[in-house]
Amino acid sequence: MSAASMTRQARRVRFRYAFYRNLGLTLNIFPPFIYLMLLFYAPMAIMLVMSFWKSGFMTLEPAFTLDNYVKFFTTPIYVRAMVNTFLIATGSMIALILVGYPIAYYLARYAPQWESLILYFLIIPVEINFLVRIFAWKIALGRSGIINSALMSLGLIEEPLKFLLYSKTAVVIVLLHEWLPYVVIPIYLALKGVSPDVIDAARTLGSDRWSVFRHVLLPLSVPGLFASFVLVYIPMLGEFAVPALVGGPSAYMLGNVIESQFLSAGNWGVGSAIGFILLTITLALVAIVIKVAGVEELM
Amino acid sequence: MSNREITLEVRELTKRFGSLVAVDHVSFEIRRGEFFSLLGPSGSGKTTILRMVGGLLTPDEGQVFLGGKDITFDPPEKRDVNIVFQNYALFPHLNVYDNVAFGPRRHRWPEAKIREEVTRLLEMVHLTGYEQKYPRQLSGGEKQRVALIRALITRPQLLLLDEPLGALDLKIRQSLQLELVDIQEETGITFIYVTHDQSEALTMADRLAVMDKGRVLQIGDPKTIYEQPQNRFVAHFIGNTNMLEGKVAAVEGQDVRVRVPKLGEFWGRPLDGADVRPGQSVTMSIRPEKMRISRQEPERPGYNKIAGVVEDLIYVGVSTEFIVRVSPVKTLRIFAQNISREDDLWQITWDDPVWVYWRPERSLVLVE
Chain U
1 MSAASMTRQA RRVRFRYAFY RNLGLTLNIF PPFIYLMLLF YAPMAIMLVM
51 SFWKSGFMTL EPAFTLDNYV KFFTTPIYVR AMVNTFLIAT GSMIALILVG
101 YPIAYYLARY APQWESLILY FLIIPVEINF LVRIFAWKIA LGRSGIINSA
151 LMSLGLIEEP LKFLLYSKTA VVIVLLHEWL PYVVIPIYLA LKGVSPDVID
201 AARTLGSDRW SVFRHVLLPL SVPGLFASFV LVYIPMLGEF AVPALVGGPS
251 AYMLGNVIES QFLSAGNWGV GSAIGFILLT ITLALVAIVI KVAGVEELM
Chain L
1 MSNREITLEV RELTKRFGSL VAVDHVSFEI RRGEFFSLLG PSGSGKTTIL
51 RMVGGLLTPD EGQVFLGGKD ITFDPPEKRD VNIVFQNYAL FPHLNVYDNV
101 AFGPRRHRWP EAKIREEVTR LLEMVHLTGY EQKYPRQLSG GEKQRVALIR
151 ALITRPQLLL LDEPLGALDL KIRQSLQLEL VDIQEETGIT FIYVTHDQSE
201 ALTMADRLAV MDKGRVLQIG DPKTIYEQPQ NRFVAHFIGN TNMLEGKVAA
251 VEGQDVRVRV PKLGEFWGRP LDGADVRPGQ SVTMSIRPEK MRISRQEPER
301 PGYNKIAGVV EDLIYVGVST EFIVRVSPVK TLRIFAQNIS REDDLWQITW
351 DDPVWVYWRP ERSLVLVE
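As you go down the protein sequences, you meet chains U and L in turn.
For the first sequence, the numbering used here gives the first residue as 1, with consecutive numbering after it.
For the second sequence, the numbering used here gives the first residue as 1, with consecutive numbering after it.
Distance windows between CB atoms, simulated:
hint : chain 1 : residue 1 : chain 2 : residue 2 : range
1    : U       : Ile288    : L       : Ala112    : 30 to 36 Å
2    : L       : Lys133    : U       : Gly238    : 40 to 46 Å
3    : L       : Thr128    : U       : Val292    : 30 to 36 Å
4    : L       : Pro110    : U       : Leu189    : 36 to 42 Å
5    : U       : Arg214    : L       : Gly18     : 32 to 38 Å
6    : L       : Gly166    : U       : Trp210    : 30 to 36 Å
7    : U       : Thr90     : L       : Ala167    : 44 to 50 Å
8    : L       : Arg115    : U       : Arg209    : 24 to 30 Å
Source of the hints: derived by calculation from the structure; they are not laboratory data.
For clarity, every value in this text was computed on a predicted model and none was experimentally measured.
Even for Gly, the Cβ is constructed at its ideal location relative to N, Cα and C.
Could you put the whole structure together from the sequences, leaning on the hints where they help?
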């Protein structure tokens, strides 16, 4: 027997061994793989193809065109929806971090006995159906809602504040409420993971409280901030229910455009194109954040 | 105490946690350049003292002076005191260089000076080339060396070390003990070293304080603490000892005759200045290496002696440890040097009837 055929046989045996060893693993990941393929990636691929097809009201023609994308960038109302989307999502994200970070910080550092209670209170509202919550906000923020009537009876304002409902502000307020737990919990967990000795060490090495925050706690909570960003910012870019119910025309977002293209305008080509524009921008943003925050170092 | 400069003075320091008195009116002084150790079992309050000196805890009573200045209520960042923690407490998001440079940067050193000092200190602890590594890539011993130079680099007046070697295994611990003593001598910085390991305290410290239940029981150099413990706890906690409890039968000059029930009468010597009266309950403490063992009844007038049976013997190379039963409820430990082959010791084996004997001044009579 030649040396070459020996190695070939050895390689075949090794391959067979690896195959059986990995069989269990393969069988395990098979169902979710199929599920994702059929119900997620395949429809996405179809959408991608559709976005380059000639498309009109209730018509779709398999002929390559860039019209759908051109239409998006040349229609002022769509461009404005895109600007709105980023203004609202970014504004909400900033508001969420400004409100959520102190809560997470307090929870992790100063409230050992209240931790679980405060966490419950944060999570309970999430358990309520989101439409119910949005309608509750609608009532609270309306012209004669509790906020306006309270401010008026206190004599702080003469007339109801109009910007409270059917405005970008309204969308930001409702999104803040909707997403707060998803911002607080990852940051809380990151801060909770910082050993008290590390903080003490920073103090003895010459850091006052602010410097401990700036040089130790803030950098160590970056993974938490990143998790919040991914969990919250990306879904907010695709938001459509909140702007539809409390936003009014001035807070029209890309989600609403996509929804109307598919459901009322019947233009699936344009709808798909906008969907992919949104997806591309989102992925680009995530890539930038990973790069800038240096999250890979910490993960 | 000599007239050398006092670096730290702790006066009547007290800390309570609820009903527990963790530190109970503790006072001591530490001289400049001294290697001082706080030794005691866990829960004796030594770490609490350290944290109050470091500014991480506020005392309920008492004062802390550093270089003659009252710093009792100064925040940690304002004190010229650094701490080395048992679990290293390195900054996980910073590499070795930035960890060591953390203190100097807070004190606004110029970067060129920081680079020079970090390089010099890394060389001192044999970690040159580790600048870019992150704490998670280091072994326990390496982490602790980084933590040490991170605390040393700003040359604080006082360095507090909280069981710094407690998490390391024996070999690394022993080599780091020597390294620490060298570094302390080289830098001249005053060290307070907290440990529950008595051999560590005895080998490293210039002076040590033995603590129990929040109080300092004795302060002295290792030899005094070992040879002349002031009470039962210290005698028992430091090294090994045999304890015989009895009542004073007679006092003759320096010496005291103690009647130990069921075992007989033995001569011993109290500490200088101790007030011992006949009838008083006392404990005799005799170190195992100060006792001798023989198969023949010793012909030595004036020695204390007691008959027994060898229950166990443990050969440990340089010496042999004998466990001798002298009554149904009492055994004695004796350490004997394995000096020569002709020695009577070599003949002694299990179940042999033997005599244990020692000089009267070797049995320390303790009142407490």
